[in-house]
Amino acid sequence: MTTYMDYTISSKPIRIIDRTTDESKLQLKSLSIVNVGHLPNRSLYRTQAQFQYYAFVYIAGGKGTYQVNNKEKQPVHKGSFFVFFPDATFDYGPDPQETWDEFYFTVEGSRTAEWLSTWLTEPYRVRQTGLDDAQQSKIDRIFMLMESGIPSNLDRASLLLESLLYEFVQSSQPNTDSTDYITKLMDDIAASLHQSFDADAFCDRYHISISTLRRIIQKHTGYSLNKYIHRLKISEAKNILLNTDRSIKDTAVSLGYNDVFYFSRLFKKYVGVSPQHFRNNV
38 MTTYMDYTIS SKPIRIIDRT TDESKLQLKS LSIVNVGHLP NRSLYRTQAQ FQYYAFVYIA
98 GGKGTYQVNN KEKQPVHKGS FFVFFPDATF DYGPDPQETW DEFYFTVEGS RTAEWLSTWL
158 TEPYRVRQTG LDDAQQSKID RIFMLMESGI PSNLDRASLL LESLLYEFVQ SSQPNTDSTD
218 YITKLMDDIA ASLHQSFDAD AFCDRYHISI STLRRIIQKH TGYSLNKYIH RLKISEAKNI
278 LLNTDRSIKD TAVSLGYNDV FYFSRLFKKY VGVSPQHFRN NV
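In this text, residue positions in the sequence shown follow the working numbering: the first is 38, and each later residue adds one.
Calculated directly from the structure, the hints in this document are not laboratory data.
Mixed in with the good hints there might be a few duds.
With a cut-off of at most 27 angstroms between alpha-carbon atoms, the simulated DSSO-like pairs for lysine-lysine come out as follows [to be verified]:
1) Lys-264 x Lys-221
2) Lys-66 x Lys-49
3) Lys-221 x Lys-66
4) Lys-286 x Lys-264
5) Lys-175 x Lys-62
6) Lys-62 x Lys-100
7) Lys-306 x Lys-286
8) Lys-115 x Lys-49
9) Lys-49 x Lys-62
10) Lys-256 x Lys-286
11) Lys-275 x Lys-306
12) Lys-221 x Lys-49
13) Lys-175 x Lys-100
14) Lys-275 x Lys-264
15) Lys-256 x Lys-275
16) Lys-100 x Lys-49
17) Lys-115 x Lys-175
18) Lys-275 x Lys-286
19) Lys-264 x Lys-305
20) Lys-221 x Lys-275
21) Lys-306 x Lys-264
22) Lys-221 x Lys-256
23) Lys-306 x Lys-256
Assemble the whole structure, with the sequences as input and the hints as a guide.
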């Protein structure tokens with residue numbers, strides 16, 4: 038392990054471990070740690086930084102900001118977790134006159150693509166997690182395994198890192214199984230019937246991914262997200278047609294369907310008859 042002083046980065050010794058073993062000796066081909074580092078008391082703020090590999094960063098203390106491609110600055114606190122990735126620029130570091138305690142893990146391999154398509158969506162977002170003794174023990178063990186340089190230990194370190202990152206992501210998620218949470222989420226969906234449903238904005242408001250929203254809706258309604266939204270809107274359309282004199286076109290537009298022919302097809306699909314037939318015969 039390399040330990041050295043660099044007062045432009047930190048007033049304390051920095052620990053960095055690079056992978057020294059030839060990657061052809063590794064059995065785990067889809068995931069490999071390139072290097073790990075611990076930057077205690079980091080004071081350096083970087084601007085327009087770019088990265089060749091994916092890097093996963095955990096902040097064990099202090100505060101600052103993280104910004105991707107000059108978009109909104111996100112606050113970073115003790116317990117924050119964020120990602121660096123290729124083809125983007127990053128401005129990040131502790132606030133002026135502040136420091137933070139940083140652990141980072143740089144990786145390569147196709148496995149990261151699977152993470153990003155499943156449980157590690159929205160890599161540009163700072164997540165607030167925690168760090169218990171078991172997780173700190175995993176971090177320490179990853180450093181020890183990397184320091185050994187033994188190929189099998191490097192494979193173990195990569196798998197241990199995957200487990201740690203998964204725990205970080207899961208602990209940062211809201212309690213999406215609580216009754217109060219589900220009730221509020223469903224109520225908000227129902228309250229948005231009279232407009233086009235913006236799933237991205239809705240997920241941003243609840244700090245969840247699209248895949249998580251779909252899972253919640255499927256679990257609690259038995260329907261896919263799109264089908265559930267359409268069923269709610271068509272149910273409201275039935276009320277409007279029966280209880281008001283509003284035209285079919287106005288009814289469609291009021292529910293976010295600007296194409297009245299599309300609305301009519303959907304109505305017949307879910308109700309079995311056209312909107313006009315429903316109004317005249319029920």
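Sort out which numbered hints this structure fails and list those numbers smallest first.
2, 3, 6, 9, 10, 12
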